[in-house]
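Take a look at the letters that make up each chain.
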Amino acid sequence: MGMERSSVVVLDNGGGILKAGFGGETDPVAVVPNCIGRPPSSKKWLVGDQLQADDADVTGVSLRRPIDRGYLINPEVQREVWDRVFRSLLNLEDLSQSSLLLVEPLFNPPSLQRSADELVFEEFGFGSLCVADSPSLVHLYEASRAQGPAVASLVVDCGFSFTHAAPVMQNLTLNYGVKRMDLGGKALTNYLKELVSYRSLNVMDETLLIDHAKEQLCFVSLDLQHDLRLSRKSGKENILKCTYVLPDGVTHTKGFVKDLNEARRYLSLPDGTTNCTTDLASKMGEMGGQGDTDKAEDRRKVDLTQNEFVLTNERFLVPEMLFQPVDLGMNQAGLAECIVRAVNSCHPYLHPVLFQNIILTGGSTLFPRFAQRLERELRPLVLDAYEVKITCQENPILGVWRGGSLLASSPEFESMCVTKAEYEEIGSVRCRRRFFH
Amino acid sequence: MEADVVRSEMVLPPVMPFKRVQMGDKYQKGQSRGRYWKHLKQLLQAENFISLPLDEPNYLNIESPPSMYPSKKYCDITGFEAPYVDPRTKLRYADPEVFKRVRNLPNEHVQRYLALRNAAVIIR
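Note that the protein sequences, when read in sequence, are chains A and B. Per the UniProt record's numbering, the very first residue in the first sequence carries number 1; after that it's consecutive. Per the UniProt record's numbering, the very first residue in the second sequence carries number 1; after that it's consecutive.
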């Protein structure tokens, strides 16, 4: 029953996670971190998915990323990651028979486009190349799944390096309407590292561990003042507190949350309305938790022998950064205003259509209650007559890749590519004019 | 060409007519690849965006501008919310006690507090 794999390799070159697979399939074969790292004890560089392996020791790993703020500046490191992905994970031997669909960020400077082309054609020797950008692929994917025809949509991509709000009309990204915030998963992780290092243990080197802690424990608060007041309480009444245990290399090599039930207690908070604390405390009595042995003194002492740290208000302050970058000192508006500016720079006829089709994609939208909070912030900024509807993709990390897979399996794909022969004859700059950005 | 011939590198590297520096010369055989990579900031400076037309979007244009709504004002000394501004020194303060402290500060300290907020007036 041999299914013939199409020869198109779809590669979403993300700053944090690289997704690679074959066109026409639903899921990518390889979802690996796009970096190489060297543990302090060994001389060997671990590439991509080797860092995710169960026996890898990720404490104090020094990482090197080929992508800086979203753009590919280091083709050397990228070559090593791609080598590993293509040869070991995708098992591709002869690349000259395959074509590559590469997803690049918007507004790639020409010098970087040239070096990327060089990497694809001369180092790896692909047969042909097609370059796409992420908002149009997301739009394509969502349009194919929706019932009615979606003419235009606003794609909000909260990725690793930055966040774009991009209007897309009929598979074409409207360049002039894109607005970018320089905040992304990387900035959030760095902020969490700073907060934890200031308050308890020094974790400034442990990027991968804090990434994991952030994914497990952080959430978006709907009412900031209320949650801040809640996090100041002590003992059992503080339902936001939870502990994260760092690996010690002997008993466990991966960090983990000490008590998942305790970490989920915040979900019982109703959405934003103030609540009387006695109610909550009695509800908490039934759920599990470590509140019994907590005393006010214990809370302030940090037990350094146990390699763990406690998180209370960092859990919601970290994603809060996306909505209020002013708190960090960045002189940019929050995500809701960014969206409004992006829409306002398009033609007025498009405004209602765009507000009705807001698509959230990208790994940083996976925080619980993200969409609720965004709608709550966005609604007062939009005219009453327009309807605001936010759709979350069901898998924000793979969303762009799936759009690419759809594009690769469409019949017009072949005509959109640039072949190696053409590249060798006319060069990178003229070839790039074929692609719309 | 057959795969093994290319792999054994007996073939001369291809010469691309559009390039000024060929790949073969950039990375000579036997020499390690350059360790020095330009960071994005340097690349952007080299791009020279100011010379490009203003209405076409490029990397610098599309940054999200600062917020249109008035921002929250915090006290310069304590960090609490500050509804008041001292007219003499222009520092923000939250309480009357803080105000006493503000009035007793030497001028140097006042300038330093303002500089933290990027509000200091520099007279040359």
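Hints listed in this document are in silico derivations from the structure and should not be mistaken for laboratory results. Some hints could be false.
Said to hold, decoys possible - Short, incomplete list of chain B residues facing chain A, as computed with Cβ under 10 Å:
| no. | residue |
| --- | --- |
| 1 | K38 |
| 2 | H39 |
| 3 | L40 |
| 4 | K41 |
| 5 | L44 |
| 6 | I62 |
| 7 | P66 |
| 8 | M68 |
| 9 | Y84 |
| 10 | T89 |
| 11 | D95 |
| 12 | P96 |
| 13 | V98 |
The C-beta atom is built at its ideal place from N, Cα and C for all residues, glycine as well.
task = Hints the structure violates: just list their numbers, smallest first.
result = Numbers 9, 10, 11, 12, 13 - these are the hints that the structure violates, sorted from lowest upward.
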